[in-house]
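Asks: Residues per chain, in single letters:
Number of protein chains: 2
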Amino acid sequence: MTQIESARNNELTPELLQIAEKEGISSEELRKKVAKGHVVILKNINHKNVTPIGVGEGLSIKVNANIGTSHQRSGLAEELKKLQIVEETGADTVMDLSTGGDIDATRRSILSKSTIPLGTVPIYQIGVTSANSQESFMEVNKDDILGIIENHCRDGVDFITVHCGVTKAVAQCLEQNPRVTGIVSRGGSMHASWIKKHNRENPLYEYYDELLDIAKTYDTTLSLGDGLRPGSGADAGDRAQVMETIVLGELVQRARNAGVQAMVEGPGHVPFNLIKGMIETIKTLTFKAPLYVLGPLVTDIAPGYDHITAAIGGTAAAAAGADFLCYVTPSEHIGLPNPEQVRQGVVTSKIAAHAADVARGRQASIEQDRLMSAARMNLDWKKQAEYAIDKNVFENIDDGKPCTMCGEYCSMKIFKETVSF
Amino acid sequence: MTQIESARNNELTPELLQIAEKEGISSEELRKKVAKGHVVILKNINHKNVTPIGVGEGLSIKVNANIGTSHQRSGLAEELKKLQIVEETGADTVMDLSTGGDIDATRRSILSKSTIPLGTVPIYQIGVTSANSQESFMEVNKDDILGIIENHCRDGVDFITVHCGVTKAVAQCLEQNPRVTGIVSRGGSMHASWIKKHNRENPLYEYYDELLDIAKTYDTTLSLGDGLRPGSGADAGDRAQVMETIVLGELVQRARNAGVQAMVEGPGHVPFNLIKGMIETIKTLTFKAPLYVLGPLVTDIAPGYDHITAAIGGTAAAAAGADFLCYVTPSEHIGLPNPEQVRQGVVTSKIAAHAADVARGRQASIEQDRLMSAARMNLDWKKQAEYAIDKNVFENIDDGKPCTMCGEYCSMKIFKETVSF
Chain X
453 MTQIESARNN
463 ELTPELLQIA
473 EKEGISSEEL
483 RKKVAKGHVV
493 ILKNINHKNV
503 TPIGVGEGLS
513 IKVNANIGTS
523 HQRSGLAEEL
533 KKLQIVEETG
543 ADTVMDLSTG
553 GDIDATRRSI
563 LSKSTIPLGT
573 VPIYQIGVTS
583 ANSQESFMEV
593 NKDDILGIIE
603 NHCRDGVDFI
613 TVHCGVTKAV
623 AQCLEQNPRV
633 TGIVSRGGSM
643 HASWIKKHNR
653 ENPLYEYYDE
663 LLDIAKTYDT
673 TLSLGDGLRP
683 GSGADAGDRA
693 QVMETIVLGE
703 LVQRARNAGV
713 QAMVEGPGHV
723 PFNLIKGMIE
733 TIKTLTFKAP
743 LYVLGPLVTD
753 IAPGYDHITA
763 AIGGTAAAAA
773 GADFLCYVTP
783 SEHIGLPNPE
793 QVRQGVVTSK
803 IAAHAADVAR
813 GRQASIEQDR
823 LMSAARMNLD
833 WKKQAEYAID
843 KNVFENIDDG
853 KPCTMCGEYC
863 SMKIFKETVS
873 F
Chain A
453 MTQIESARNN
463 ELTPELLQIA
473 EKEGISSEEL
483 RKKVAKGHVV
493 ILKNINHKNV
503 TPIGVGEGLS
513 IKVNANIGTS
523 HQRSGLAEEL
533 KKLQIVEETG
543 ADTVMDLSTG
553 GDIDATRRSI
563 LSKSTIPLGT
573 VPIYQIGVTS
583 ANSQESFMEV
593 NKDDILGIIE
603 NHCRDGVDFI
613 TVHCGVTKAV
623 AQCLEQNPRV
633 TGIVSRGGSM
643 HASWIKKHNR
653 ENPLYEYYDE
663 LLDIAKTYDT
673 TLSLGDGLRP
683 GSGADAGDRA
693 QVMETIVLGE
703 LVQRARNAGV
713 QAMVEGPGHV
723 PFNLIKGMIE
733 TIKTLTFKAP
743 LYVLGPLVTD
753 IAPGYDHITA
763 AIGGTAAAAA
773 GADFLCYVTP
783 SEHIGLPNPE
793 QVRQGVVTSK
803 IAAHAADVAR
813 GRQASIEQDR
823 LMSAARMNLD
833 WKKQAEYAID
843 KNVFENIDDG
853 KPCTMCGEYC
863 SMKIFKETVS
873 F
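Taken in sequence, the protein lines are chains X and A. Everything in the first sequence is counted per our numbering, starting at 453 for the first residue and increasing by one. Everything in the second sequence is counted per our numbering, starting at 453 for the first residue and increasing by one.
Do not take every clue at face value.
Straight line, CA to CA, 20 Å or less: simulated DMTMM-like cross-link-like pairs of lysine to aspartate or glutamate [unchecked claim]:
id	chain 1	residue 1	chain 2	residue 2
1	A	728	A	509
2	X	865	X	842
3	X	668	X	457
4	A	843	A	869
5	X	834	X	850
6	X	649	X	587
7	X	868	X	850
8	A	668	A	658
9	X	728	A	732
10	A	648	X	869
11	A	865	X	665
12	A	865	X	627
13	X	648	X	591
14	X	488	X	457
15	A	868	X	847
16	X	594	X	690
17	X	484	X	467
18	A	843	A	832
19	A	834	A	847
20	A	565	A	607
21	A	488	A	463
22	A	728	X	627
23	X	865	A	467
24	X	620	A	869
25	A	533	A	554
26	A	865	A	832
27	X	868	A	627
28	A	649	A	587
29	X	648	A	869
30	X	865	A	627
31	A	835	A	851
32	X	484	X	457
33	A	834	A	850
34	A	843	A	473
35	A	649	X	869
36	X	834	X	847
37	A	648	A	658
38	A	620	X	869
39	X	649	A	869
Honestly, the hints are just simulated from the structure, not real lab data.
One chain only, chain X, in its complex shape (with noise of 0.2 Å):
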């Protein structure tokens, strides 16, 4: 039995058992969060030795770190030391988007040393594998697409992202509501090409009950991408990324029907003004289904600072609702990012993750946040370390002395010595 039929069948599994302990929540009411699908269990049946992750409703706000070989860099050692990074620096969960050297193999290895769950998206490897055997995408039909969804599941990846609501009638609509930058995703672009040279349903949205039946069969969380998610601010909120969104909750529904645990992707580049509105119009289309937001990014012209751009929509979005963010690194729009960046990625997205918490009221992340001030308050540096989400910044500061920014004017050493009321 996947997850989500456990819970209505009034199980507590040990996966939710252990989640319900560490997100403070009692296992009962974690269950009836399960059995509604407004938390999904990530984990896959075949995926052994990972830590599961619980996503949506009423549980803290998860990080999740892309990495992945390319066609110009494909080197397995350097995808390895990103997982390592990913999991040092805390996400919670990692896909890998290998579109270079051996795909399955990477994937395998990296789903063997990974503890935390993995996702992918298939679609990738159906692209790369058609391009490599000299044929086109276009060609790929539906038993291919599905036969390497079902290598990925039964490897053990815990979530795929898969473009089902890209189907005939959204890519129609996006043909007749012209956009600044049509479609940014890649899955999506490639299905939406795929409909328009075959005048055909998107097989994934055709045969979704053939898909639904191989996630069963692995508990694999479907993760329903937006295709046509925005790319622009201009573009936010448009009617094919409204129209898709319905589609994705008519999918979140057949999937829950079936037994299938499913979450919604979400932007993109939304201006700050327009996330609160739209993460709760998103969430409504979609019946509360966990919410996996790709930023949003709240200005277009911040290539090199994107995970900055991300983070301040990442906090609004998951404030507003959004349960999971994906992390954006300063090479977003620019480049495959180095391990350094992804670092960088991990930390600035766990401090939206964090942010958001605290917004929407998460006892333990405000009490870290006030441990980590009453510290500073004691100008004492060693605790800062202990609760600060990078405990490296505190090297050469003295414990009980002031930093170089006000020395001796510093407020709090003033406050203490000569007011402390």
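Take the given structure of chain X and dock chain A to it, following the hints.
Replies: What follows is chain A alone, placed relative to chain X:
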């Protein structure tokens, strides 16, 4: 006449006309806002070669960068280097917070070089001067304080932070309602310490009329410091903070009545969910005075990354009505920033200001995003550099080619070549 007096007198000063042109607002509309005190024009009559800046309602969000020597690092050359970086990176104003070396000479040198308005916090020099002459800050009197303030104004300082709102009653309120982090404003703690020692009223409050006379003589804008700003999320919005804000509102009215321009300073550390309400409360209590915020930082646990926590809060604050963002560098809470950290601080604050301008519906900012995204869609890296906040990040990318992030699987390339609606 000061700018507010001229505006009330129906005069369109050269500074007002220049700002109206730059901001894309009618001069008559701007004149009304200046007359009401909802906009201030930063320009001391003695600051030559400075480009005046407008701050407040209906104008683009401005960014300030702090520089200045400290006891440990007091080289004028380094500060002039920082000034150059700050101007090149696009800060709208700069504050000289020097506490080391020859403070008068440093300020005059920065004033003679800066083409953007300069602010100072005169109480810092008062503290240093008393310490250097083996006297305690406790022994300074109102003539010492007003004397140094007049020096700053006569030299051409465009705006000064004055902690007039740290009154005896406000300090007592804090004493009765303890906090996690007490007072985190250097000027605030100095005044509270003086009040506690003498059990007397803050001279800057008691002799506020004399301060107004000085500010009026040079058209120096008063930046009414929030000495009781929260220094931790736990203290945000507490009784002492709001009590001080009420006093600041009284001081704004008295300044306006005296023909003196005044803005108000805001927090500090504020959880994301409280920012909007807090900004609206401050704006109401201070009669729509231009609001200059330091952050707000949305969590306490991210030293080393507080430019990011401040950008998250700064975007939310400016979207809710704040007008002016003081930059925060990665070195906040751990040391004096070096020139590269100064640059990062300015870029990050500019991102927050721009994102808020977009959120507030500023057409020029929305159009910059659209042009950037159109260039991105065309893989036109040269054009992207024109619109980007940092043009240097695009080096080594060939025009017309996708970047290494997705390579041949670039969604924009696929979309244009095979979907191309």
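Asks: Does each hint hold? Answer for all of them.
Replies: Results for each hint:
no. : hint             : result
1   : A:728 with A:509 : holds, 16 Å
2   : X:865 with X:842 : violated, 24 Å
3   : X:668 with X:457 : holds, 10 Å
4   : A:843 with A:869 : violated, 27 Å
5   : X:834 with X:850 : holds, 9 Å
6   : X:649 with X:587 : holds, 15 Å
7   : X:868 with X:850 : holds, 18 Å
8   : A:668 with A:658 : holds, 18 Å
9   : X:728 with A:732 : holds, 18 Å
10  : A:648 with X:869 : holds, 12 Å
11  : A:865 with X:665 : violated, 34 Å
12  : A:865 with X:627 : holds, 17 Å
13  : X:648 with X:591 : holds, 13 Å
14  : X:488 with X:457 : holds, 10 Å
15  : A:868 with X:847 : violated, 50 Å
16  : X:594 with X:690 : violated, 29 Å
17  : X:484 with X:467 : holds, 14 Å
18  : A:843 with A:832 : holds, 13 Å
19  : A:834 with A:847 : holds, 10 Å
20  : A:565 with A:607 : holds, 13 Å
21  : A:488 with A:463 : holds, 14 Å
22  : A:728 with X:627 : violated, 38 Å
23  : X:865 with A:467 : violated, 42 Å
24  : X:620 with A:869 : holds, 18 Å
25  : A:533 with A:554 : holds, 17 Å
26  : A:865 with A:832 : holds, 12 Å
27  : X:868 with A:627 : holds, 13 Å
28  : A:649 with A:587 : holds, 15 Å
29  : X:648 with A:869 : holds, 12 Å
30  : X:865 with A:627 : holds, 17 Å
31  : A:835 with A:851 : holds, 10 Å
32  : X:484 with X:457 : holds, 11 Å
33  : A:834 with A:850 : holds, 9 Å
34  : A:843 with A:473 : violated, 26 Å
35  : A:649 with X:869 : holds, 12 Å
36  : X:834 with X:847 : holds, 10 Å
37  : A:648 with A:658 : holds, 15 Å
38  : A:620 with X:869 : holds, 18 Å
39  : X:649 with A:869 : holds, 12 Å
Of the numbered hints stated above, those contradicted by the structure are hints 2, 4, 11, 15, 16, 22, 23, 34, listed in ascending order.
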